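Quick note, the sequences are listed as chains U and D, same order. Quick note, the first sequence lines up with residues 0 to 511 if you use numbering that gives the first Met the number 0. Quick note, the second sequence lines up with residues 0 to 511 if you use numbering that gives the first Met the number 0.
Don't take each hint at face value.
Note that identical chains are pooled: a pair holds if it fits in a single copy or bridges any two copies.
Unchecked claim - Calculated lysine-lysine pairs in the PhoX-like style (CA-CA distance at most 20 Å, straight line):
1. LYS477 / LYS323
2. LYS276 / LYS73
3. LYS319 / LYS490
4. LYS510 / LYS427
5. LYS510 / LYS458
In case anyone wonders, no lab produced these hints; they're calculated from the structure. As the structure is a computational prediction, the values presented were derived from the model and not from experiment.
2 protein chains.
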Amino acid sequence: MKKMTEYGSTPFLFWFSFLCLLHSLPVYSAKSSHRRFPSLLISPEEKISLSARQNQLYTTKYFTQVLDHFNYPKSYETFQHRYLINDTYWGGAKSNSPIFVYTGNEGNIEWFAENTGFLYETAPHFKALIIFIEHRFYGKSLPFGGKKDVAYSNATTLGYLSSTQALADYASLIIDLKKNLTATDSPVVVLGGSHGEMLAAWFRLKYPHVTIGALASSSPILNFNNITSPESFNNIITKDFMSESESCYKVIKGSWQQIKDTAKQHGGLELLQKSFKLCKNIISVDDLQNWLESAFIYTAMTDYPTPSNFMTPVPAYPVKQMCKAIDNPATGNDTFAKLYGAVTVYYNYSGTTTCFDPDDNSDPHDLGGWDWQACTEMIMQTNGNDKESIFPPSESQYKDQVSYCKEAYGVEPRPNWITTEFGGHDIKRVLRRYGSNIIFFNGLRDPWSGGGVLSNISKRIVAIVAKEGAHHVDLRFKTNEDPEWLKDVRKQEVKIIAKWISEYYHDLADKH
Amino acid sequence: MKKMTEYGSTPFLFWFSFLCLLHSLPVYSAKSSHRRFPSLLISPEEKISLSARQNQLYTTKYFTQVLDHFNYPKSYETFQHRYLINDTYWGGAKSNSPIFVYTGNEGNIEWFAENTGFLYETAPHFKALIIFIEHRFYGKSLPFGGKKDVAYSNATTLGYLSSTQALADYASLIIDLKKNLTATDSPVVVLGGSHGEMLAAWFRLKYPHVTIGALASSSPILNFNNITSPESFNNIITKDFMSESESCYKVIKGSWQQIKDTAKQHGGLELLQKSFKLCKNIISVDDLQNWLESAFIYTAMTDYPTPSNFMTPVPAYPVKQMCKAIDNPATGNDTFAKLYGAVTVYYNYSGTTTCFDPDDNSDPHDLGGWDWQACTEMIMQTNGNDKESIFPPSESQYKDQVSYCKEAYGVEPRPNWITTEFGGHDIKRVLRRYGSNIIFFNGLRDPWSGGGVLSNISKRIVAIVAKEGAHHVDLRFKTNEDPEWLKDVRKQEVKIIAKWISEYYHDLADKH
């Protein structure tokens, strides 16, 4: 089976995962960043070892999960499904204390646990049990004997990797766990990160009998089937950089042609290699361009108001820092030097990397399964670029995606499936008189916010929008430097969740 | 693969399908009753041929349906999915006129079309398009090349027969049909019969983006996982007969022991054979008992206020007629003669059958797939009998069911799956602040009403209960003899559906 990055010389940036441009991680990051606790840069005094920290954060458990919820007889095959649990704050089953569940997404679950401080910081207030459930086919939740090479070997085994199966996993695990804890009356609130936020919203919509409400932070559930324009994603990145400085935007925008022109010149590739401190000779200028684009994309996504280490270690307001590096270059005044200064804010903020490898395919967070998901159901067109885009103008390359998927897995994408199963079209009309207890949070600096729900649908399905916010910033561990708007967002979220829980107890009392 | 009826001498009445006690149909009925239009007995002047009647009722069409919505790469295999359409009354796409969809259940779809007059009789008022969608694996909607012997050959092929797949079928077909009709803004209202009513309710809960509301008539969505007592079903039948006459109830109740005792006597089996005019020697007294029980069960279900021919031709108020046959016997005063007189109200109302075959396995309505569904997910325990039951006291035989399913298909039932996927526990609390636009109709003489929603959940999820009503009596073709309460039920339903549609148009106008 061909891997995305082996796909000839065609640009392979057909689509973005939320977190998944694996090739773009630098050698340094690939080897070690995943071992760091995300707030390491924020609180150096907390330099305790990861394992000690993990012990504080969770205990690891496994549940015997059904392989195929919807078809027989595969429903009788099982696999070991990992989840993390922390009962430090739990008020217990007798008092029907709540259960907060993180609906895992495309990566190993420890990584998300370590980046979702909101759960740990709000659990004491609610006396809540904390559960992080891993998404099937990621981390250690591998069907087929826990063997990744078997689980990922072909389209038939990968066939069990889908959103609907994952949602049914969560329902099965939660119901069983509550039963085992004799906590069937404890209310469950779900939330998730990245793709997990979509899953959280969909979980409330599909399994209202399992969860009383969902916090769907930065959940681009409208990024399917042209509900949102394919240009929206890159337009937001464009605006992010423009908002810092027009000259910064112009330098980045102008660089793409200059890179192409240079590559064609005699000695051009060597010049590019030297300018960007690449470890190896450049084979494809597209790889270099993707590597650079990834830095801008992920920096826009993680444009947090405090230092962070979600994808890579970056300073507070990294977009601003990138533009500073361009507008006040430290190492040279030519475009490539400026661009290099900018992308190292993302790729080498710690300053320890000596050379970079745009071809690097290492996968520290175990995100590899997303490639399959993007080839089957998660068809989120985000790579259109209009004339104003910070990236080279281009139409969305759906045909190329189809060709890639056919060659890599022997399957074609099903672009209409997600909206058939979960909706999305006319969401305001559909949910106006239907459903309840969903918070859609979006930060408008997050390129994914274009596919988010940005205004209230009803009194019970509400939107919280922060114009300064980036990708699920609300769910991160709080810091002393958090701005007021961010504190306020979290306060609003807690208040709404408190209302759901209080209503639940009221309704429960009515029942008895 | 063993068939249920071949399952040794163990009583095979482990569970009831809504409609499906195939063996209990008499030779006469098996051969010809399915050819009759259901209201034939009601309006003899309408004796037009079935094909002419069918032509008025619908046109048959096929849709290329996905075999497996939830798993790859089987999602790329397809089958021809049948649906019936009638656009006589449709106001058309330009005026966004509504679409009424019958979500098919466990039988061939023509049969349901011919028994769901409500759709035809309300469509003109709403200028609605009428669609009946067949359930996969029934009628002509057979995967695997349309070949029943292949589709039903083993657990792997039958594995694609499940409620979740069926619901996704309906979503896919409806979305595609609306697109082809350029009627994407036409509101869709769903309803169904028997299991189809459950599917209609679940469809509104799982696919609110595809339907604006569901009329779930006689939908026992609480008949799973012990939410409803396994004795409830037979207790309602007991009450039905008791309400007609206590002596009638006592004769039936007393008969079971008498049959057993007789069977043990020398010449007893011959006596039974003669008493019940059986065509062949009795092999198993259990078969005879099941045959008799079936008559009482289905008569209770179809205890309509007017003559009908849904399962077999029966007179108006057939329970009353059965009790009349017992209390004022025409042919003899002993228990067997009385019982024979009673069951022939169900098995031989037309009087043309000369002998009966309790072993008869013919399947005129193509209900055979239910056996698989009852062995996998549709685990509805209905066969418990307490001391007062009209049937012999017995505990629910779940263990026997498991043994049967293992032997017949090599699978075990998944008794928790339906409540995991669709809920049911604490339904009033769960839906009190969630969801909208569902009508649960129940007639309290219907044994399935014990598993129904019998009181309003919210202003928008309402229960209509008719104490005189039987199984989905509201959906049948109206007759001049319909009682006031039945007219009133239909009026209420039409009024509520009208409100849904009017609100929809209001919301649609808001959007534009």
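Hints versus structure:
no.	hint	verdict
1	LYS477 / LYS323	neither (26 Å within a copy, 78 Å between copies)
2	LYS276 / LYS73	neither (51 Å within a copy, 47 Å between copies)
3	LYS319 / LYS490	neither (27 Å within a copy, 65 Å between copies)
4	LYS510 / LYS427	between (32 Å within a copy, 8 Å between copies)
5	LYS510 / LYS458	between (24 Å within a copy, 18 Å between copies)
Of the hints listed earlier, those the structure fails to meet are numbers 1, 2, 3, in rising order.
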